[in-house]
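Enquirer: Next come the chains, spelled out residue by residue.
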Amino acid sequence: MITLALSKGRIFEETLPLLEALGIRVAEDPDKSRKLILETNLPDVRIIIVRASDVPTYVQYGAADVGVAGSDILREHEAGIGGAGLYRPLDLKIGRCRMMVAVPEAFDYETAVRRGARIRVATKFVSVAREHFAAKGMHVDLIKLYGAMELAPLTGLAEVIVDIVSTGATLKANRLRAVEEICAVSSRLIVNQASLKTKRPAVQTLIDAFAKAVT
Amino acid sequence: MSKWALPEYIADVLPPEARRIEKLRRLVQDRFRVHGYELTLPPLLEYVDSLFTGTGHDMELSTFKLVDQLTGRTMGLRADITPQVARIDAHLLNREGVTRLCYCGPVLHTLPAGLAATREPLQIGAEVYGHAGIEADIEIQSLLLEVLGQAGVTARLDLGHVGVFRALATAAGIGREAGERLFSLLQAKDVPAIGEATADLAEPVREALRRLPRLYGGPEVLAEARHALPDLPQIHAALDDLDVLSRSIKGAAISVDLAELRGYSYHSGVVFAAYADGVPNAIARGGRYDEVGRAFGRARAATGFSLDLRELARLSPEEPACEGILAPWSEDAALKRRIGQLRRDGEIVVIALPGHDKASWEPCCNRELRAAGGDWVVVPIN
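Protein chains in written order, with my numbering: chain A, -15 to 199; chain B, 42 to 423.
Please keep in mind that the hints were generated in silico from the structure rather than gathered at the bench.
Yeah, the Cβ is synthetic: ideal placement off N, Cα and C, and Gly gets one too.
Please note that the accuracy of each hint is not assured.
Quick look at which bits of chain B chain A covers, simulated, 3 or more residues with Cβ under 8 Å [claimed, not checked]:
| # | segment |
| --- | --- |
| 1 | 154 to 165 |
| 2 | 229 to 235 |
| 3 | 321 to 327 |
Pulled a few chain B residues facing chain A out of the computed Cβ check, cut under 8 Å [as the list claims (entries may be wrong)]:
| # | residue |
| --- | --- |
| 4 | 58 |
| 5 | 195 |
| 6 | 197 |
| 7 | 199 |
| 8 | 254 |
| 9 | 258 |
| 10 | 316 |
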């Protein structure tokens, strides 16, 4: 049995066509069903639906053999306790966006950086932000938020946010501007190390088929 | 918080688990003994200067530290016994020729290796010093499989060779920092990031490094690697080593993974890991670390393996509950003789101290001694 971990929403929707190209059809729609384990047309492949940030955890501890997770979430996962130890063999080229530093339109970020001012940064990606500003030699106070990052500078909670930007429409609507790109983000296929060793034929077939569907 | 709560990732070992661990410890050390491995007991803590010698940065981060009140120097609680044993071989024993050493003891990690891991593994392992040839690797891997087999664990062995990566890195003139980064990307088989990191390298090394994370599978991968990798003598030697191992090691399914690298500043040749079905991480690891002894004044060929006995105990088959014999408390000489006899035969005889209900002994006893016609006989408890 091979278990594939996916998150609901964009990753699930963009992974479905890839799965179909592999001949894997999901029996149920996770938006309509309340089930968290979805059967497929193949008896030995099942899909579990977990929160996006939980996908690496499920795969790392063998609760799923393979998963699809954004490279933003993977970077954050790897900085955590026992975070190393996943195989990341494939860029699926879906769920593409950028991790950016954004500030209110009126905020003079460049001068603040030059003056070495200590700034408050609101983000969901605390480790990535810490690493980024440390590399720039900036002093920051990190404020962990779980959503609606754009609100933080508007309400005076923070001067700066680090967030995922795909079209920039949300930033614009809230009168924010992106000032720095930290990294490009896309979804990766991740594989449990022991699964690749102990269930190699089945797991390898899946990796190869994904690789073929992507290119 | 309750006063008796233990720190996270630290646990008591209770009797049923302790029994299994102790049984395995004896069993494994017996295997080591009959193969001629001598037991050493390095200290639980020593100066960090010696603990970190030749092991690299990772070890510094995973070691608990404290200050020695006698000297003011910083001491560390060992996170790995292997470097200590290497120090003993290189510096204290200072023998010529081959030395075989083994060890067993707790180690401490500042952070758990994973969310399911303990911060206090019970590390047991065996090392061969002074033989650079493949025979030592064959011996150590066979010993690992023998030990796992005796513990009732079916494992498969995954082989790698650090020499392949080192040959490519040297050929391309990759420096230490870039080398370490590439090393960790290869460990994660991060094909997209390896593509970016090798963009500025010249062929054929660039293509070889990009192929490396895909060169895994059964022993047939070795033939594929000979075609795919550049014609460098060190690569040929590494693949020859793996060829010999994959044919010589019996008793387990063998797989090869040329991107299976560990210990950038530590390992030097063949590396291996044992996996068991249903366990999300390797259950034993080992390999060659010929350079570590140099830091202690004497470079010595070295290869060995280690594993966490606590984890092995979880995998090995369930032990029956304690099967003791309950004996009444009495000054009777015949009874004392009989008890002595049973204990010499390896039986557990529990004296029922007076005034306790017989039921309270039941968890550890399934038989009892009863007087019958002037003698004492063992009968089932009913």
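Enquirer: Each hint needs a verdict: does it hold in this structure or not?
Expert: These are the hints, each one checked on the structure:
1. 154 to 165: Since three or more residues must qualify, the claim that chain A covers the segment 154 to 165 of chain B holds, with 5 doing so at under 8 Å.
2. 229 to 235: Per the Cβ count (6), the hint holds.
3. 321 to 327: It holds: at least three residues are needed, and the segment 321 to 327 of chain B offers 3 whose Cβ sits within less than 8 Å of chain A.
4. 58: At about 21 Å, which exceeds the 8 Å cut-off, the nearest Cβ of chain A leaves the hint on residue 58/B violated.
5. 195: Where the cut-off is 8 Å and the nearest Cβ of chain A is about 10 Å from residue 195/B, the hint is violated.
6. 197: 7 Å, holds
7. 199: 5 Å, holds
8. 254: 7 Å, holds
9. 258: Check passed: Cβ of residue 258/B comes within 7 Å of chain A, closer than 8 Å.
10. 316: Check passed: Cβ of residue 316/B comes within 5 Å of chain A, closer than 8 Å.
Consistency with the previously given hints fails for numbers 4, 5, ordered from lowest to highest.
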